[in-house]
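Chemist: The lines below spell out each chain.
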Amino acid sequence: MPHDHADHDNHLDPMEARVRALETILTTKGLVDPAAVDEIIDTYAHKVGPQNGAQVVARAWTDPEFADWLRRDATAAIASMGFTGRQGEHMQAVFNTPEQHNVVVCTLCSCYPWTVLGLPPVWYKSPAYRSRVVIEPRAVLAEFGLVLPQSTGIRVWDSTAELRYLIVPMRPAGSDGLDADALAELVTRESMIGTGQAKAIA
Amino acid sequence: MNGPHDLGGRMGFGVIAPEPNEPWFHAAWEGRALGVVLACGPLGRWTLDESRHARETLHPALYYGTSYYEIWTRALEALLLRHGLVTERELASGEAEPADPDPRRLAAANVAGVLARGGPTDRAIDAPAKFAPGDRVRAKQMHPKTHTRMPRYLTGHYGVIEVDRGGYVLPDTNAHGLGEHPQRLYTVVFDGADVWGEGAEPGLTISADLWEGYLEHI
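First to last, the sequence lines map onto chains W and A.
Okay, so the first sequence: first residue is 34 according to our numbering, each after it adds one.
Okay, so the second sequence: first residue is 18 according to our numbering, each after it adds one.
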């Protein structure tokens, strides 16, 4: 569809046209099956997302044996819940404490634990976050509404290799009576990256 | 390489501005771009390291001026051209001669399995560890013109080995088709006050996962 490719096309923005042309070429040449592209989109739009990580965290909060396994071998512990694969091949869980808050970044690209959090949000991939969080994390966290006491140290984990980090936020006060499903509702994506905390009990 | 991607500690990019209830894709083409990039991986013509290098060698104006899915798209075009899978003429015209499916073309039925398997990069290595947890090390002063995962803001700084992760594929060679050459990988912890000096935020530590060849004894 060459008329769809021209930058001056009236109906498509340049990237819409560019990607459509590329997919058409690759399909015509037998390199890509559009049905596989559909399936990939469906996977990351509907099946893999932060609800996975929230289940892992809620289980760690309620099951000390699982929490211990998660500390020692996060890859295996997370795999036991069915979350494996691309951009989660090698996992480490990092537990927040009152003494140390942890936050994850990839200063060199956008490495992110897809198996437990899904696709990264735009801000995580942005030059602003990647440049700033290693030099002024307190200022960055404050922009997310998270102000930590000065007595709490901050550790920034720069994902420079193929290890992917899942932050286990602190369990909210007053959540003792909740089961794992109810607790998972309190676990936000930001709390598992470290730019937020788990939701407080209303 | 000291490319536009190496962002730790750079300034001037403004506020972070997270978007409430952000959608997975901001336009339909972003989803197609993600899908096409992931579908091309199993063709086996390049490695993840090479695709990262293709992104970081885009012109800085393009790298900073576009969305991440455009960066992915542009880098995929560069990889397809480099490996002879498409031609400039095809990209310019949007037309190609029909061909039989590549034997490695990803079928829709195999997507779930391929994504669930991923591509582990840990490798057994025989060489004894050069460093042990607790060792003080220095991140070597190095500025290769080729791909590396040593971030510039840590080069030359002192850190402490926290964990020996075992052998992993070395991106520095793998990105250039020069083989996996696995090396031991370490999680190294740096003190924010050492890395940033005067004015550093108090109570800051930074860790990075660094290959043995990036480090030296002190």
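Please note: incorrect hints may appear among the correct ones.
[Claimed, not checked] Below, computed lysine to any residue pairings styled on SDA-like, alpha-carbon distance capped at 20 Å:
#1 W:Lys62 to A:Phe42
#2 W:Lys80 to A:Asn38
#3 W:Lys80 to A:Leu60
#4 W:Lys158 to A:Phe42
[Stated by the list, open to error] Derived contacts from chain W toward chain A, CB cut-off under 10 Å, selection only:
#5 Asp96
#6 Gly115
#7 Arg163
#8 Lys232
#9 Ala233
#10 Ile234
If you're looking for bench data, these hints aren't it; they were derived computationally from the structure.
If you're wondering where the values come from, they're calculated on a predicted model, not measured in any experiment.
Glycine residues also receive a C-beta, built at the ideal position from the N, C-alpha and C atoms.
Chemist: Now tell me if each hint is right for this structure.
Modeler: Here is how each hint holds up against the structure:
1. In summary, the hint linking lysine 62 of chain W to phenylalanine 42 of chain A is not supported, as the alpha carbons are separated by about 27 Å, beyond the 20 Å threshold.
2. About 17 Å separates the Cα atoms of lysine 80 of chain W and asparagine 38 of chain A, which keeps this hinted pair within 20 Å; it holds.
3. In summary, the hint linking lysine 80 of chain W to leucine 60 of chain A is not supported, as the alpha carbons are separated by about 24 Å, beyond the 20 Å threshold.
4. Between lysine 158 of chain W and phenylalanine 42 of chain A the alpha-carbon distance is near 14 Å, which keeps this suggested pair within the 20 Å criterion.
5. At a threshold of 10 Å, the smallest CB-CB gap from aspartate 96 of chain W to chain A is about 24 Å, leaving the interface hint violated.
6. Restraint check, glycine 115 of chain W versus chain A: the minimum CB separation of about 9 Å is within 10 Å; hint holds.
7. Satisfaction of the interface hint for arginine 163 of chain W is found here, the shortest Cβ-Cβ separation to chain A being roughly 4 Å, below the 10 Å cut-off.
8. Interface restraint check for lysine 232 of chain W: the shortest CB-CB distance to chain A comes to about 14 Å, outside 10 Å, so the restraint is violated.
9. Interface restraint check for alanine 233 of chain W: the shortest CB-CB distance to chain A comes to about 18 Å, outside 10 Å, so the restraint is violated.
10. Interface hint status for isoleucine 234 of chain W: violated, as the beta-carbon distance to the closest one in chain A is roughly 21 Å, over 10 Å.
In the structure shown, a violation is registered for the earlier hints numbered 1, 3, 5, 8, 9, 10, in ascending order.
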